[in-house]
Amino acid sequence: DQAVVANTTANLDTNSSAKERTTIERVDLAGWVRKDQTDVITSHDGKEFTMATRKKGFYYVLVGKDPKYSTESARASVILRNVDNMNSTLGYGLVFLSDPRPLQQGYAFLIDTKRKKFRVVRHEPKNELVVVNWTNAPSIKAGTLPNELAVEHNGDLIDLYINGTMVTQIRNVHGYQGGTAGLYAGDAAKIAFRDLEIRR
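Numbering (the working numbering), first residue to last: -4 to 195.
Keep in mind that a hint or two might mislead.
Unchecked claim - The list that follows gives simulated cross-link-like pairs (lysine-lysine, DSSO-like), each with its CA atoms no further than 27 angstroms apart:
| id | residue 1 | residue 2 |
| --- | --- | --- |
| 1 | 50 | 121 |
| 2 | 51 | 112 |
| 3 | 136 | 50 |
| 4 | 185 | 30 |
| 5 | 30 | 121 |
| 6 | 30 | 60 |
| 7 | 42 | 185 |
| 8 | 42 | 121 |
| 9 | 30 | 51 |
| 10 | 185 | 51 |
| 11 | 111 | 42 |
| 12 | 112 | 50 |
| 13 | 63 | 30 |
| 14 | 51 | 109 |
Since the hints were derived computationally from the structure, they do not count as laboratory data.
Please model the entire structure based on the sequences and the hints provided.
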């Protein structure tokens, strides 16, 4: 079954930080709540954005459309938690180097906090392909505890971090040039996201 997808736009606040001359762009996830909730349930409580597919066996992806969301030569991070500690064979996490049209081209860095595992997938039209199979990661906080995922793109390489620990590195072969950040939730697990940031 092919996943349902949606584009979204959201407000983006840009603040400059003197530390390491880094620009931090914080994404306002309140603007990502979907009007059409046929295939996905989304909400924002003022602090966290939650997303869950209505059916198991499906995943849903939201991606920023504005070029300011670009994760190229940048570090993107998000904090997420599995609200009800539900099983998810597909995982949930951070989309990066994505075509602004979801699931056309790009990557997703996904975790499963129940099994303390991660995987990396890439998307092409009507297909999700595995880049890194499910792998154990002791740095994952189990159950409903929050976890921070981060991806850092440097040249041809992408470093992937869970709670500050680098868990793998991949070569950027399938990323979309200027590709943007997004969120992924699968298998009807209710996932709460906050602090989606892009640093340059």
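Verification of the supplied hints:
At most 27 angstroms may separate the alpha-carbon atoms for a hinted pair to count; residue 50 and residue 121 meet this at roughly 18 angstroms. With a CA separation close to 19 angstroms, the supplied pair residue 51 and residue 112 stays within the 27 angstroms bound. For the hint linking residue 136 to residue 50, the alpha-carbon distance of about 26 angstroms falls within 27 angstroms, and the restraint holds. Using a Cα cut-off of 27 angstroms, the hinted pair residue 185 and residue 30 holds, with the two alpha carbons roughly 18 angstroms apart.
The straight-line distance between the Cα atoms of residue 30 and residue 121 is roughly 24 angstroms, inside the 27 angstroms bound, and the hint therefore holds. Annotation: proposed proximity of residue 30 to residue 60 holds, straight-line Cα distance about 17 angstroms (limit 27 angstroms). The hinted pair formed by residue 42 and residue 185 meets the criterion: a straight-line CA distance of about 15 angstroms does not exceed 27 angstroms. Restraint check for residue 42 and residue 121: not satisfied, since their Cα atoms lie roughly 33 angstroms apart, outside the 27 angstroms limit.
Annotation: proposed proximity of residue 30 to residue 51 holds, straight-line Cα distance about 21 angstroms (limit 27 angstroms). Pair hint residue 185 plus residue 51 holds up; C-alpha atoms about 11 angstroms apart against a cutoff of 27 angstroms. Distance check on the hinted pair: residue 111 and residue 42 sit about 25 angstroms apart at the alpha-carbon level, within 27 angstroms; holds. Between residue 112 and residue 50 the alpha-carbon distance is near 22 angstroms, which keeps this suggested pair within the 27 angstroms criterion.
For the suggested pair residue 63 and residue 30, the alpha carbons sit about 23 angstroms apart, so the restraint of at most 27 angstroms is met. Restraint check for residue 51 and residue 109: the C-alpha separation of about 16 angstroms stays at or below 27 angstroms, so the hint holds.
Hint compliance for this structure: hint 8 is the single one not met.
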